[in-house]
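Participant: Here is what each chain is made of, one letter per residue.
There are 4 protein chains.
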Amino acid sequence: MQAPEFWVESWLNSSKPLTIKAMAGKVMVIYAFQMLCPACVQYSLPQAKRLQDKFAQSDTVQIMGLHSVFEHHAAQNPATLQAFAYENKLSFPIAIDTHQNSNGELDKIPQTMQRYRLQGTPSLLVIDAQSQLQIHHFGHLDDLTLGLELMSIIKGSGDS
Amino acid sequence: MQAPEFWVESWLNSSKPLTIKAMAGKVMVIYAFQMLCPACVQYSLPQAKRLQDKFAQSDTVQIMGLHSVFEHHAAQNPATLQAFAYENKLSFPIAIDTHQNSNGELDKIPQTMQRYRLQGTPSLLVIDAQSQLQIHHFGHLDDLTLGLELMSIIKGSGDS
Amino acid sequence: MQAPEFWVESWLNSSKPLTIKAMAGKVMVIYAFQMLCPACVQYSLPQAKRLQDKFAQSDTVQIMGLHSVFEHHAAQNPATLQAFAYENKLSFPIAIDTHQNSNGELDKIPQTMQRYRLQGTPSLLVIDAQSQLQIHHFGHLDDLTLGLELMSIIKGSGDS
Amino acid sequence: MQAPEFWVESWLNSSKPLTIKAMAGKVMVIYAFQMLCPACVQYSLPQAKRLQDKFAQSDTVQIMGLHSVFEHHAAQNPATLQAFAYENKLSFPIAIDTHQNSNGELDKIPQTMQRYRLQGTPSLLVIDAQSQLQIHHFGHLDDLTLGLELMSIIKGSGDS
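Protein chains in written order, with our numbering: chain X, 1 to 160; chain P, 1 to 160; chain R, 1 to 160; chain W, 1 to 160.
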């Protein structure tokens with residue numbers, strides 16, 4: 001499946017937006033999270049940091065966060081997220097999923113979350129160099145599984 | 001040392017304020033934290049929950065949180081804390097340390113934090129049944145040490 | 001219940017036997033284990049080492065191991081245990097439970113294990129200063145629970 | 001580097017020897033360990049079990065243990081190892097490294113350990129489908145790193 005484009009309100013840790021289109025040729029690893037989601041804080045974001053340590057300088061792999069707020073909207077606002085990212089030393093780009101739909105109205109469920117049909121947070125998405133969605137996982141993937149599957153996608157098969 | 005009274009803006013998970021005076025006769029275990037402090041989230045609050053599981057029905061021990069915000073004041077506001085406490089299933093009373101000093105001005109460092117001379121978060125305070133401050137610890141205390149020291153205080157020696 | 005005396009084949013890490021009688025006045029914490037029991041290696045012996053770090057110099061608390069072999073008798077022999085204790089840096093006294101019964105025959109279940117009616121390994125025994133068996137627990141006790149219960153026994157109530 | 005052939009005294013969990021020659025075409029992951037080595041028990045063997053869970057039915061990847069005893073020779077004998085493997089539910093083939101050298105004498109350092117120039121235990125070896133030694137690591141490799149590197153070798157580059 002061709003990865004849908006992101007609909008993003010704003011970005012942290014990136015001077016310009018990352019788009020599916022511009023990232024063609026790279027493998028993208030996307031951690032969808034909410035800053036008040038305990039499993040995100042305990043499991044997924046620490047793993048995202050471990051991956052970022054490995055691929056921060058890579059030309060072929062891009063790690064990013066996607067803050068998809070579907071509850072506690074007021075509490076989990078962009079300014080609070082910025083303080084959270086700072087305190088937790090998240091250095092990868094983080095897209096703030098927008099709630100504004102194509103009619104200009106605000107939906108409770110943000111737009112990128114809708115387009116990717118995410119069931120909740122944490123969710124893990126991996127998009128291959130041909131912009132195809134290869135992993136769409138609700139919950140946490142353990143490090144061994146992720147390492148094996150991610151490298152399989154990087155190496156171009158994407159069929160693991 | 002006689003435990004100073006709390007200066008509190010408001011309370012979560014308690015219909016009325018807990019005061020040092022009213023708690024005389026009980027041992028109080030107080031977790032000073034900030035919701036965006038990673039060590040608080042990873043170590044101290046999970047321990048506070050384990051203690052609460054043991055002493056929720058106790059007449060002799062009271063667990064409580066103390067939200068002492070000294071950075072990211074806007075992000076760590078009471079409404080955000082309420083969502084945080086809900087998502088993390090914190091059921092013990094949480095005092096929100098006030099920034100308003102006796103002159104009616106707002107200090108950066110909240111008042112209870114000042115009075116207890118806390119160095120940061122997480123900090124652990126244990127007050128015995130005679131309202132004496134017995135443990136004043138900056139950082140995390142491991143479960144074994146806490147269990148031994150807390151029961152020593154409960155049993156009345158307080159000299160462990 | 002009065003703690004039965006140990007029946008021991010030999011001791012590691014102690015120049016003389018520890019007896020219930022000689023230890024009267026001290027609280028004894030006894031970790032019954034087998035060197036090939038995975039839960040003993042992963043949970044109980046590391047906790048025994050943490051306790052030993054706290055009470056190595058104590059006049060009031062004695063930590064000890066009890067090697068009660070009821071399976072793989074040939075593999076878990078005293079010489080192998082000695083190498084195991086060395087590699088795992090176990091510094092507390094370890095009693096090797098004897099299989100020789102009062103008739104001079106060898107039982108499959110060792111004698112101290114029988115007398116204490118242990119259900120398996122790991123098991124935790126705590127004996128108070130009056131030589132009364134206060135804790136008789138099959139499996140692992142978490143650090144917080146152990147710390148609270150042990151100090152309660154040390155402080156003399158034994159009714160926690 | 002072409003992987004040297006194993007020199008093995010006997011095998012556990014395998015009705016016939018695994019040889020480098022016979023395994024050509026498969027990727028081999030070899031955990032060199034000693035049953036009394038604490039880091040092996042705590043880190044490496046649990047990882048070997050996680051890998052075995054993934055590749056037990058694989059035609060392209062073979063997990064195996066290599067028991068290379070260079071200390072506590074009497075304690076870490078084959079019969080004791082068999083009990084250890086049973087209790088720890090190790091189901092992959094385990095080679096028992098031989099101490100008998102080509103002159104028929106017993107060396108303190110076993111032969112496969114010598115030929116692979118292992119520095120100690122745990123050590124991890126990965127051999128690609130062309131029988132080339134691709135990973136030669138003393139100590140433990142974390143799951144994420146292993147997953148990435150192993151799949152890179154499986155996918156045929158071997159240059160990660």
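Don't take every hint at face value.
[Said to hold, decoys possible] Quick list of the computed label-pair ranges, beta carbon to beta carbon:
#1 X:E9 - W:P4: 52 to 60 angstroms
#2 W:A74 - R:H137: 32 to 40 angstroms
#3 R:E71 - P:P46: 34 to 42 angstroms
#4 P:D53 - R:H136: 17 to 25 angstroms
#5 P:M1 - W:E71: 48 to 56 angstroms
#6 X:S91 - P:S15: 53 to 61 angstroms
#7 X:G139 - P:D107: 53 to 61 angstroms
#8 R:S14 - W:Q132: 50 to 58 angstroms
#9 P:Q119 - R:G156: 47 to 55 angstroms
#10 R:S14 - P:Q119: 52 to 60 angstroms
#11 R:H137 - P:S15: 34 to 42 angstroms
#12 P:K89 - X:S91: 38 to 46 angstroms
#13 R:S58 - X:T60: 56 to 64 angstroms
Hints listed in this document are in silico derivations from the structure and should not be mistaken for laboratory results. Please read these numbers as outputs of a predicted model, since none were measured by experiment. All C-beta atoms, glycine included, are put in the ideal place defined by N, C-alpha and C.
Participant: Now, for every hint given, state plainly whether the structure supports it.
Facilitator: Verification of the hints:
no.	hint	verdict
1	X:E9 - W:P4: 52 to 60 angstroms	holds, 59 angstroms
2	W:A74 - R:H137: 32 to 40 angstroms	holds, 34 angstroms
3	R:E71 - P:P46: 34 to 42 angstroms	holds, 36 angstroms
4	P:D53 - R:H136: 17 to 25 angstroms	holds, 23 angstroms
5	P:M1 - W:E71: 48 to 56 angstroms	holds, 54 angstroms
6	X:S91 - P:S15: 53 to 61 angstroms	violated, 43 angstroms
7	X:G139 - P:D107: 53 to 61 angstroms	violated, 43 angstroms
8	R:S14 - W:Q132: 50 to 58 angstroms	holds, 53 angstroms
9	P:Q119 - R:G156: 47 to 55 angstroms	violated, 35 angstroms
10	R:S14 - P:Q119: 52 to 60 angstroms	violated, 43 angstroms
11	R:H137 - P:S15: 34 to 42 angstroms	holds, 38 angstroms
12	P:K89 - X:S91: 38 to 46 angstroms	violated, 30 angstroms
13	R:S58 - X:T60: 56 to 64 angstroms	holds, 58 angstroms
Hint check: violations occur at hints 6, 7, 9, 10 and 12; the rest are consistent with the structure.
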